[in-house]
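Chains as they are written, first to last, in this note's numbering: chain A, 1 to 112; chain B, 1001 to 1115.
Below, a list of computed lysine to any residue pairs in the SDA-like style, where the Cα atoms sit at most 20 Å apart:
#	chain 1	residue 1	chain 2	residue 2
1	A	49	B	1096
2	B	1068	B	1052
3	A	99	B	1061
4	A	49	A	98
5	A	99	B	1066
6	A	99	B	1089
7	A	99	B	1042
8	A	99	B	1026
9	B	1078	B	1114
10	A	58	A	16
11	A	99	B	1046
12	A	49	A	20
13	A	49	B	1098
Think of the hints as simulated: they come from the structure by calculation, not from any bench.
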Amino acid sequence: AQSVTQLDSQVPVFEEAPVELRCNYSSSVSVYLFWYVQYPNQGLQLLLKYLSGSTLVKGINGFEAEFNKSQTSFHLRKPSVHISDTAEYFCAVSQYGNKLVFGAGTILRVKS
Amino acid sequence: DAGVIQSPRHEVTEMGQEVTLRCKPISGHDYLFWYRQTMMRGLELLIYFNNNVPIDDSGMPEDRFSAKMPNASFSTLKIQPSEPRDSAVYFCASREAGQGDHEQYFGPGTRLTVT
Chain A
1 AQSVTQLDSQ VPVFEEAPVE LRCNYSSSVS VYLFWYVQYP NQGLQLLLKY
51 LSGSTLVKGI NGFEAEFNKS QTSFHLRKPS VHISDTAEYF CAVSQYGNKL
101 VFGAGTILRV KS
Chain B
1001 DAGVIQSPRH EVTEMGQEVT LRCKPISGHD YLFWYRQTMM RGLELLIYFN
1051 NNVPIDDSGM PEDRFSAKMP NASFSTLKIQ PSEPRDSAVY FCASREAGQG
1101 DHEQYFGPGT RLTVT
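Next up, chain A with everything else stripped away, as it sits in the complex:
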């Protein structure tokens, strides 16, 4: 079975500052890793995914994440955030791309 731990429930940050949202996973087999974003009262939208290959993955809206197998981590980063990035971010893991197991979510609050 897989599990995901998002280490921060909320992350406040000022506009134009860098941000890192942390995600650790547990699995006994190889997995796929995902970051989704949820804006208020909306569904989830995929930011980026790691399936294989390069451990640095670039996604939409200037986000990127790095897969670290030895530390079982998949942290999400953005060098300069905007007010519009305020949302909840979910890390998820899946063995075959179907049974997504989500973390508890991290609320990113961007302040002006």
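Chain B: place on chain A using the hints.
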């Protein structure tokens, strides 16, 4: 494409009533998923279908919950009888098999309130 469509967007019902949530996946997608989001349990997968066949329903909480997919363009999640603890946002998602990108596309959700 219109994306995944869910109806209704909001549902308020009384305990004991039957509730039916509906989902239209993206045309051509082979997989359909039902998720539930609550403050206490977060996002959890309830059931998923492949080519209209239920593959894994291990996340369905109780016999009061049932899901069907009569054809490739429609699925329902039914709760009978409903209870206040069923209050949650229910999401439907779909994805295409074979392309290898594994992205699931989510609908806007149905917010269910059981009083």
